[in-house]
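Student: Take a look at the letters that make up each chain.
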Amino acid sequence: MRTRFPIAICFVFGIFTLLQYFSKHPTLTAMYAEILDWMQIVFVFTLLVGVISIFKIHSAKISRQERDWPYSILTILGIVVMAVLGFGYGTEYGSPFLWIFQNIQVPMQSTMFALIAFFVASAAYRGFRFRNKEAAVLLITAIIVMLGRVPLGHQISDLIPQTAQWIIDNPSTAAKRGILIGIGLGSITTALRVILGIERSYLGGRS
Amino acid sequence: MKGFKVISILCLIVFFVPLMAYSQIEDAELSDTPIFDISRLPVFIATLLAIIIFFMATYLVKARAETKIRKVAGLNAVDEAIGRATEMGRPVLFTPGWGGDIQRPTTIAALNILNLVAEKTAEYNCDLIFPTHDPVIMSAAEETIQNAYINAGHPDQFKPDNIYYTTSSQFGYAAAVDGAITRVEPATVMLLGTFEGEALILAETANSVGAMQIAGTDSTIQLAFFLVACDYTLIGEELFAASGYLSGDEKIVSSIKAQDYMKIIIIAMLVAGGILATFNLDFLSEWIL
Numbered sequence: 350m351r352t353r354f355p356i357a358i359c360f361v362f363g364i365f366t367l368l369q370y371f372s373k374h375p376t377l378t379a380m381y382a383e384i385l386d387w388m389q390i391v392f393v394f395t396l397l398v399g400v401i402s403i404f405k406i407h408s409a410k411i412s413r414q415e416r417d418w419p420y421s422i423l424t425i426l427g428i429v430v431m432a433v434l435g436f437g438y439g440t441e442y443g444s445p446f447l448w449i450f451q452n453i454q455v456p457m458q459s460t461m462f463a464l465i466a467f468f469v470a471s472a473a474y475r476g477f478r479f480r481n482k483e484a485a486v487l488l489i490t491a492i493i494v495m496l497g498r499v500p501l502g503h504q505i506s507d508l509i510p511q512t513a514q515w516i517i518d519n520p521s522t523a524a525k526r527g528i529l530i531g532i533g534l535g536s537i538t539t540a541l542r543v544i545l546g547i548e549r550s551y552l553g554g555r556s
Numbered sequence: 242m243k244g245f246k247v248i249s250i251l252c253l254i255v256f257f258v259p260l261m262a263y264s265q266i267e268d269a270e271l272s273d274t275p276i277f278d279i280s281r282l283p284v285f286i287a288t289l290l291a292i293i294i295f296f297m298a299t300y301l302v303k304a305r306a307e308t309k310i311r312k313v314a315g316l317n318a319v320d321e322a323i324g325r326a327t328e329m330g331r332p333v334l335f336t337p338g339w340g341g342d343i344q345r346p347t348t349i350a351a352l353n354i355l356n357l358v359a360e361k362t363a364e365y366n367c368d369l370i371f372p373t374h375d376p377v378i379m380s381a382a383e384e385t386i387q388n389a390y391i392n393a394g395h396p397d398q399f400k401p402d403n404i405y406y407t408t409s410s411q412f413g414y415a416a417a418v419d420g421a422i423t424r425v426e427p428a429t430v431m432l433l434g435t436f437e438g439e440a441l442i443l444a445e446t447a448n449s450v451g452a453m454q455i456a457g458t459d460s461t462i463q464l465a466f467f468l469v470a471c472d473y474t475l476i477g478e479e480l481f482a483a484s485g486y487l488s489g490d491e492k493i494v495s496s497i498k499a500q501d502y503m504k505i506i507i508i509a510m511l512v513a514g515g516i517l518a519t520f521n522l523d524f525l526s527e528w529i530l
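Quick mapping for you: the protein sequence lines, in order, are chains W and U.
Note that this note's numbering has the first sequence beginning at 350, numbered continuously upward.
Note that this note's numbering has the second sequence beginning at 242, numbered continuously upward.
For the record, the hints were derived by calculation from the structure and aren't laboratory data.
We treat Cβ as the ideally placed atom computed from N, Cα and C, and that holds for glycine.
Any given hint might turn out to be false.
Derived Cβ-Cβ restraints for the label pairs, each shown as a range [to be verified]:
| hint | chain 1 | residue 1 | chain 2 | residue 2 | range |
| --- | --- | --- | --- | --- | --- |
| 1 | W | Gly439 | U | Ser449 | 38 to 44 Å |
| 2 | W | Val499 | U | Ala304 | 56 to 62 Å |
| 3 | W | Leu367 | U | Asn521 | 21 to 27 Å |
| 4 | U | Ala304 | W | Leu367 | 47 to 53 Å |
| 5 | W | Asp417 | U | Ile292 | 38 to 44 Å |
Here are some, though not all, of the chain U residues that point toward chain W, as calculated from beta-carbon distances under 8 Å [unchecked claim]:
| hint | residue |
| --- | --- |
| 6 | Val377 |
| 7 | Ser410 |
| 8 | Phe412 |
| 9 | Val469 |
| 10 | Asp472 |
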């Protein structure tokens, strides 16, 4: 029952979702919309499970005074304060909830995003080192593409931006499409394995 | 009796959904719309073909004694990576990325790998940490890891606190996983799933603590970052082939073979399309698109 029921659910809904794609009949479209609504309901309940998980893990950290436990207090405080403000004063423009979101969460997210610039530099340094023939090809290609994308490249020679564009349009796009075809076929076979109940690893069972 | 229960519950669901749906469209013009949407005929034919090839490959693999899969360095390194973590007495961190939800085949493929990784960490008595941005994935992963520990014969080693939800915000998730990597300093970090802007942040942070990284994603943009920043990267279909490769299961291996047959058909169509386009005959591409 523990594995058979989820597999049966997967089969029924998988086949239905596949078949409804080939029809615009209002009954099937409405059925599909109904299933998507159910999924939203399931998601809301699991979100509750997620929040409980955060509370459980961080309260355990606080009680055991594990490493960096004061941050756990901040996490719990953040959830409680935002929930109280959201339910108490609403989330519309001018509300304290939105003020905290725009002035604390958004800058923090932007800070994390800005870190990418530094990580790109460190990753590029490691990736573009002249270690072997393949790395040399990568290094030369990267130099051409990067120069071709900035005004300096145009000033050196018009050939650089043209070559950069050729690299992007031809070898790069060809490689990307090859990978995408592989991903598409992999997705199809994985979906078929799940629908037909061949793949059960995601349920923790042996296939 | 068990089968009867399953069928009863399914029947309830199967009859309940159309009833709910029908109640919403009682005024709609049901008779005017055909059941089959003819504009999707090419996709329908391709789907049928894929299903036929899938079953044909299963039959062919069964008929043959052995089917070879080419060596994938990233998957061969899984054992080494877990062994390394065990020797160093540090955990393995596995995260499926921020971009995917449970419906995405990439997430399912990542959970399949997670199951096999969890069995190995259970055997080696090594901690496995699984932070995620999606509570549904968290619940599925908890079930997957727990059952893997039971299958490995070490249910007592399962630590539910190691599987946790962080936040649904992209960079909040990146900050949470970065924090976990910096604090616990895992010996191995597996970044397998759908990644977006957070990919490089996680890979570089893992590199900064000296972790061995195995990565794989369905995003071609993030794949470039992983190739540069990680020790091993699963490219394209390798991520989806992982569960068959690692478990050696005949049925999954046959589906990988089916992928190869489909690839041959696609190559043939590309060649045919190229020849037809050269002679300015575009009826095939027009019909497909």
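Student: Each hint should be assessed against the structure and marked as holding or not.
Tutor: Hint check results:
Between glycine 439/W and serine 449/U, the C-beta spacing of about 42 Å keeps the proposed range 38 to 44 Å intact. In this structure the supplied range 56 to 62 Å holds for valine 499/W paired with alanine 304/U, their Cβ-Cβ distance being about 58 Å. Checked against the hint of 21 to 27 Å, the C-beta distance between leucine 367/W and asparagine 521/U comes to roughly 36 Å, which is inconsistent with it. Range check, alanine 304/U to leucine 367/W: about 28 Å between beta-carbon atoms, so the 47 to 53 Å window is missed.
Between aspartate 417/W and isoleucine 292/U the Cβ separation comes to about 52 Å, which falls outside the hinted range of 38 to 44 Å. At about 5 Å, the closest approach between the beta carbon of valine 377/U and any beta carbon in chain W falls short of 8 Å, and the interface hint on this residue holds. Given the 8 Å rule on beta carbons, the hint for serine 410/U holds: about 6 Å separates it from the nearest Cβ of chain W. The interface hint given for phenylalanine 412/U is met, as the beta carbon of that residue sits about 4 Å from the closest beta carbon of chain W, less than 8 Å.
At about 3 Å, the closest approach between the beta carbon of valine 469/U and any beta carbon in chain W falls short of 8 Å, and the interface hint on this residue holds. Among the interface hints, the one on aspartate 472/U is violated; its C-beta lies about 11 Å from the nearest C-beta in chain W, farther than the 8 Å criterion.
Against the hints set out earlier in the document, violations occur for numbers 3, 4, 5 and 10.
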